[in-house]
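Chains as they are written, first to last, in the numbering used here: chain A, 5 to 438; chain B, 60 to 306; chain C, -10 to 634.
Derived by calculation from the structure, the hints in this document are not laboratory data.
None of these values were measured; they are calculated from a predicted model.
Just so you know, not all the hints are guaranteed correct.
Stated by the list, open to error - Between beta-carbon pairs, the in silico distance windows are:
1) A:321 <-> C:463: 26 to 34 Å
2) C:409 <-> B:114: 48 to 56 Å
3) A:70 <-> C:453: 53 to 61 Å
4) B:114 <-> C:332: 21 to 29 Å
5) C:424 <-> B:73: 30 to 38 Å
6) A:321 <-> C:598: 56 to 64 Å
7) C:453 <-> A:243: 36 to 44 Å
8) C:332 <-> B:73: 48 to 56 Å
9) A:177 <-> C:243: 45 to 53 Å
10) A:371 <-> C:471: 53 to 61 Å
11) A:123 <-> C:239: 41 to 49 Å
Glycine included, each C-beta is placed from N, C-alpha and C at the ideal position.
Below are the chains, spelled out letter by letter.
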Amino acid sequence: MATTSSVPKYPTGGAGGVKPPASYGNRSFFARNPSALIFIACLAVFTLVVTLASEAYGGGFLSTSFVKTLGKTLCLSLVALAMDLIWGYAGILSLGHMAFFALGGYMIGMWLMYARTEEIVVTALSQGGLPATPEEVTQGIANQIFGVVGSSDLPAIWSFAYSLPLQLSLALAVPGLLALVFGWLAFRSRVTGVYLSILTQAMTLALALYLFQNDSGLRGNNGLSGLQNLPGLGQTSQDLVSIWFFWASALALGLGYLTLAWVVSGKFGSVIRAIRDDEARVRFLGYPVEVYKLFLFTLTALIAALAGVLYYPQAGIINPAELAPIASIYLAVWVAIGGRGRLYGAVIGAAFVSLLSSLFTSGRLPDIRLGPLPLNWVDWWLVILGLAFVAVTLFAPKGIGGLFDRFLRIATPDRKGAPLGPDDGSLQEQEAQQ
Amino acid sequence: MTALLEVSGVSVTFDGFRAINNLSFSIGEAELRAIIGPNGAGKTTFMDIVTGKTRPDAGSVTFGTRSLSLLGLNEAQIAREGVGRKFQRPTVFEDQTVEANLILALKAPRGPWRVLFWTPKPADMARVKALAAEVGLADHLHRKSGELSHGQKQWLEIAMLLAQEPRLLLVDEPAAGMTPAEREQTTALLVNLARTRAVVVVEHDMDFVRRLNCRVTVLHEGAVLAEGSLDHVTRDPQVIAVYLGRG
Amino acid sequence: MRLTALFVAALFWLAPSPSLAQEAAAIVAENRDQIEKPSRQTIGPVIAALAASGDTMADDILSAWADKRLVIRKADDALLIAGPDGDGFILRNLDGSEAGAAEKADLTELKPNAGVRGLIAAALVQFTLSDPDPMRRGAALTSIARDPQPETLDALRASIPSETDPALKTQKERLGRFLTLRFDPDPSARVAAIESLGADTSLDTRAALNPLVATTRIATAGEPAGNIARPLSLGRDLTQAEAYALLVAADLAPARLTLEEQRAVLVANIVNGAVGGIPVDELNTQAARDRAYTALEAAGTVPTAATDDEAKAALAAHRFFDAYVETDPSVTAAALAALTSIDRKVGLMQAADLGLDALSLAAIYFLAAIGLAITFGVMGVINMAHGEFITIGAYTGFVVQQLVPDYTLSILIALPLAFAVTFAAGVAMERLVIRHLYKRPLETLLATFGISIALQQILKNVFGTQARPLTAPGWLDGALEFNDVVSISYIRIAIFVLALLFLCFFLYLMKRTRLGLEVRAVTQNPAMAASMGINPDRINMLTFGLGSGIAGIAGVAIGLYAKVTSEMGADYIVQSFMTVVVGGVGNVWGTLAGATMIGSLQKVIEFLNPSNTLAAQTYMILFIILFIQFRPRGIIALRGRAAGD
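The following block holds chain A by itself, in its conformation from the complex (with noise of 0.2 Å):
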């Protein structure tokens, strides 16, 4: 390679000498990321006390239900983190993550779906005196599939929905591709910033729309559901499945915070960061900045999807809805309450904002009298959600992040006037006019 073969040839100017070893690629991934080892121990323990304390392995201090949520959140600060990634990293606000997290969910949904149908199906068929064949199998596990929907016909995009491993496949092929090819088109004509946050949407808006018909093949706005009972699995408690996927989800956290922290770390990391503050200075570097992003793109798309493959058997069921654009919208709430640009920000941000929106929803809070006016907190959340993002973005951009920060006392560095953390939107902004 030419970068070992050219020594300096220019005479050395200023002051020069050895220094002490650099901090950039000499020590291990740990000793450079020590948030990293933290947050792997936090993950670790965390994991164990919920252990402990679920019914199905320990006091059952924690209901079945709250492991789910807790498993559930964790997923939740999966996607968050590839949010992070694209968002706070590389500065490309996608609006149509949760549209990739809720395909990844509808693709294992499939089979989970037909799967159980046909136990059923083949239960009740050879109550009828013969064993079944496979086509009235098939025809059976369509009727009670898609009699919902009027239909009695298995859709082609059901083909694979037999074998796990295949729709395990799909579930990231699927969301990939959709990315992969998006991607492509918006990012080859240089849709940025806002532009591209506008399209994102769109795109989000338009799958929903499409789902919620019901020839769509995905049963419309019914959706799929009954996702919590596994195949083969039926005997089995839910304490036992919950606290199962309670761990799967907590590796794939745990697994995906150290991917995602190696790839920020290293020069690559160095690179998207650059993207985000000044793209156009990247691409005069030599550096492909559209593949980069696509390439960002596709794999935070993957992440998103595999972490809702995780969610929704412990949610128990998916429809459009979950796909709409609002969905992705708080995404970016939670990364940016959590503080963007740092792995450990988002996963904080979605787990303290979804677990309060369910306290808050959940309608177990005793109203509030502020007068004569009843303050209803399933009523108000919103309003106190949507009051809050405006107050972050204002005056705390980098989210309960930046306490830290401050504990440690961090300098901010000064960067062009604008100290209120990373922002690319004015600077692509003047780059698409130009």
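On the provided structure of chain A, position chains B and C as indicated by the hints.
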């Protein structure tokens, strides 16, 4: 003399305004060239065309010994072919350390996979240190570049350009905002650089151009008005009329 | 059909001979047996005679008969007309004279069957068609047109010459042509009637012609009989299963065994855990079940069912056709020709109607988007709460209607009030939030998202989740109808006019007023504008207020034709952004072009796929994503240096 960059018959129109009008220009493998011209003469647009930011309506731009056409390439591809550009305003990545900035610029594979699995070898780190030392930033390697002074950012950017090892260097008003001592240093650096590669300097400052002591191309209304030594072009009555006459 | 012809011939024969008229009562007396036990086959001449008698009582007798009010008094076996009177009946003789009253038990009602009642009704038509009251004549025409019967044709024809009302006369002639082309026994008369229609595109013409070209599917072994429309080829025009079902229906082949029946038969014949010698456990494939069934057939336990081979042979031995129900080829040919030319004309008109629809949808998108075009295009500020401003405008209209019951007045109050409310909301938002974020568009996007979420929930808390009506004034009800195909509702016209007004207002404001000049100055170069004494803060505030205010007015307009809910604005936000982006940012003509394009596109897609408006939106968004590939800056793009300034 074989030309490294050959621009011929290039025209660009913005909403009816001809920014570049049938411009032809060429520069050799190891040559220093200054481009001067009044405001709106098309200097920046010329650099935009060479670096792929602007597509010309007509004409051809070829580069290198293989006479590769630059017209079908995007900015990143042209940069990888060996065309470096320094902007008027220093643009370094202020959120990242001086070291990270230099590593970004180091000549190395640019694709995402290769970058993802790239780890610095000792030689790379040595080169980074040498470059930093050369521009007087050896003590600042681990500082965020946003904390540097304006002049230091200029030097960092120059160091990044050197790290890219371009064959053709386009420099936009390098002397702007520099102290006289720094100008001196910049002049020396540019002259030194031009021994091994082509360097095109766009500059307003006549003193600075005089010190570069090189061929000068005068642009006016998007076309070449005169070319030659500074003394030659400053005697040209046309140049005096459109440019020096005003100043 | 032949019977009808006979009957009509009889009428023809009788009708022009009033001199032969008898008293109705006499005719009834003469044919008493037939009238008491009428049959459709033979009663025709009697009814015809009655109708042609010229006696005014004939009408009453026939109506009473049809209404089951013609009764026999059990006491004296007299045939009388009964009229209800409380629990009993008032009776009249057939010549109209009073005949006292009676209880229901004293009477036997004549109950003609439906076929006979049809004949009676047809005969009655001629009385109503010649009724002195034009209203009744009109009503009779309407009822004939609704349910055309062959029997009415001659009555209708007969009534034309004596018709005095010119409008009714035209109507009668027109209806006469429709009946002729369907029911006239003479094919050439029918063809002439079809051709006389020309390319009249009205719905009733098409309704009259369509039955003539209706087809049925037939299967035959040899040459087909009847008026064949086209031969059908297996696999392309109809599936094997459909074709076989046709054969079964025509008794040309035995029915096939369905899988369920086969299963039931097999279950019924399980002997010692096996069917036909095949163990039950092995019957888990169709092939095994077929083998078991064949074994049962061979043993004679079950009836033979058509096998696959037999079915194939039967299909091969027959041909399948679409045949016209109408038997006369000249009539179907003429009807086809007429329909083709009508279709062509209707197609053009549908295109025109589609154009009108598209224009009105474009007007709505334009209204929804123009406020956004100001804040996004002119100021570069992304206002995701724009949709909620639309909603606020609509709810303002709703509240005003609660206070001011007069709809016209309330709309006139609501429009400026909605502007004022959303203007204030916009200014407040600009002052409190947006002005701190001018250099950071993505953060503006986020902050206004937050406001959007909060506003939407507040509106939901205040006004509830159910849709609230915003009623348009009465003079906006109905539609402007050009003909059966092309029409547009007045509300949509009003919205269109409103959109035009806003376009003019906006152009005037930007190009002709001091404010517009200052807005353009601040947009292009805030620093320079400030140095010339323009206060950019004030201009930004006013511009944002203006954009928001227009959203409020758009809300009232949209609320007039759609239900007002807290989510209605959110439904328009993506479309509005698309309109602005597709049209080209920073240019009101671009917004207009974008709205026109998106509106037309949506209508065209809906037209091509009318069952599914959701799919239409999906395809539209996909199209827009692709469109941006080719024109990233929109339809009307500012290029080069001008765009950067």
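> What are the numbers of the hints that this structure violates, sorted from low to high?
Replying inline: 1, 3, 4 and 6
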